[in-house]
Amino acid sequence: MEDNVGNIDFEMAAAEERKRRHDVMAHVYTFAQCCPRAASIIHLGATSCYVGDNTDLIVISDAFNLLLPRLARCIQRLASFAEAQKNLPTLGFTHYQPAQLTTVGKRACLWLSDLLMDLRNLTRVRDDLRFRGVKGTTGTQASFLALFDGDGEKVDRLDRLVTEMAGFQRSYIVTGQTYSRKVDIDVLSALAGLGATIHKVCTDLRLLANLKEVEEPFETDQIGSSAMPYKRNPMRSERCCSLARHLMTLVGDPLQTHAVQWFERTLDDSANSIVLLPVHLPWCSFDEHSRGPTPWLFDGDDISPGGHAFHVSGNFVRGEFT
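Each residue of the sequence shown is one higher than the last, beginning at 1 in UniProt numbering.
You may find that some hints are simply not true.
What the hints assert, rightly or not - Straight-line C-alpha distance at most 30 Å; calculated DSBU-like pairs for lysine-lysine: (1) K86 x K212; (2) K212 x K182; (3) K182 x K106; (4) K106 x K231; (5) K86 x K200; (6) K212 x K231; (7) K200 x K182; (8) K212 x K200.
Please keep in mind that the hints were generated in silico from the structure rather than gathered at the bench.
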């Protein structure tokens with residue numbers, strides 16, 4: 001069995017799945033062809049969720065470990081930018097109407113504050129993740145207790161061993177056939193929150209680009225538009241907003257799935273999660289966003305005088321009406 005762990009005939013597995021109408025058992029049968037003497041003990045006492053749910057939790061944990069350093073890098077770059085621009089005045093907006101002066105660095109701190117909240121939330125979710133472990137068909141471990149002739153201590157040892165081999169320190173104490181789908185709500189809510197922050201930051205940058213206060217990097221041979229090549233479209237921020245918008249919508253699925261998860265488990269959570277849980281989506285949006293606004297161009301000559309002039313006239317108008 002150990003010699004054939006990586007020896008997977010995916011064509012055979014696909015054929016078996018068409019025949020068996022069961023994804024996990026298709027791979028059990030395929031694996032058994034590689035080690036026929038072990039066929040009778042492969043997957044013994046386990047359920048499909050022993051494979052699927054535990055795998056999902058490993059993937060989710062690994063995904064957070066990829067995402068969090070990128071988020072931290074973005075925060076570090078944005079913090080450096082805010083420090084460098086802390087004294088550069090710019091016009092603040094409320095209701096998207098000219099208000100009072102702020103600074104470019106202070107505005108960047110608004111974005112930083114939200115990203116730090118996301119970092120905290122995502123880190124907490126990552127650290128709260130546990131392994132499903134060896135829980136049997138309904139969470140009672142009954143099948144494993146039978147295999148060990150009623151020795152509950154052996155079952156607990158097996159659960160701990162498998163949990164540690166998967167890279168987790170803890171497993172969920174209580175499960176049904178699946179880990180609670182409330183976990184998916186926790187994961188997707190934190191990711192949706194990050195998506196909202198990315199969308200807000202990049203929307204601000206797009207609006208500032210229209211005001212000619214900021215620009216995205218423009219490559220030497222870059223063409224802004226097929227019909228209007230002179231344009232300097234903020235396409236990186238637009239791409240981030242597009243992906244972040246989709247990320248924000250994903251939290252609705254686990255909310256509904258958890259709400260209708262009958263008793264120990266229903267299968268209508270399965271096909272949904274196959275589409276839902278791959279968490280490469282935030283990495284895609286973050287690849288652009290993690291470059292941050294540090295390479296953007298801020299023209300102090302354009303920002304400061306215009307902002308100052310409006311601020312003075314605004315004070316004058318208020319004085320006339322008080």
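Hint-by-hint comparison with the structure:
no.	hint	result
1	K86 x K212	holds (19 Å)
2	K212 x K182	violated (45 Å)
3	K182 x K106	violated (37 Å)
4	K106 x K231	holds (29 Å)
5	K86 x K200	holds (20 Å)
6	K212 x K231	holds (12 Å)
7	K200 x K182	holds (27 Å)
8	K212 x K200	holds (18 Å)
Of the numbered hints listed earlier, those contradicted by the structure are 2, 3.
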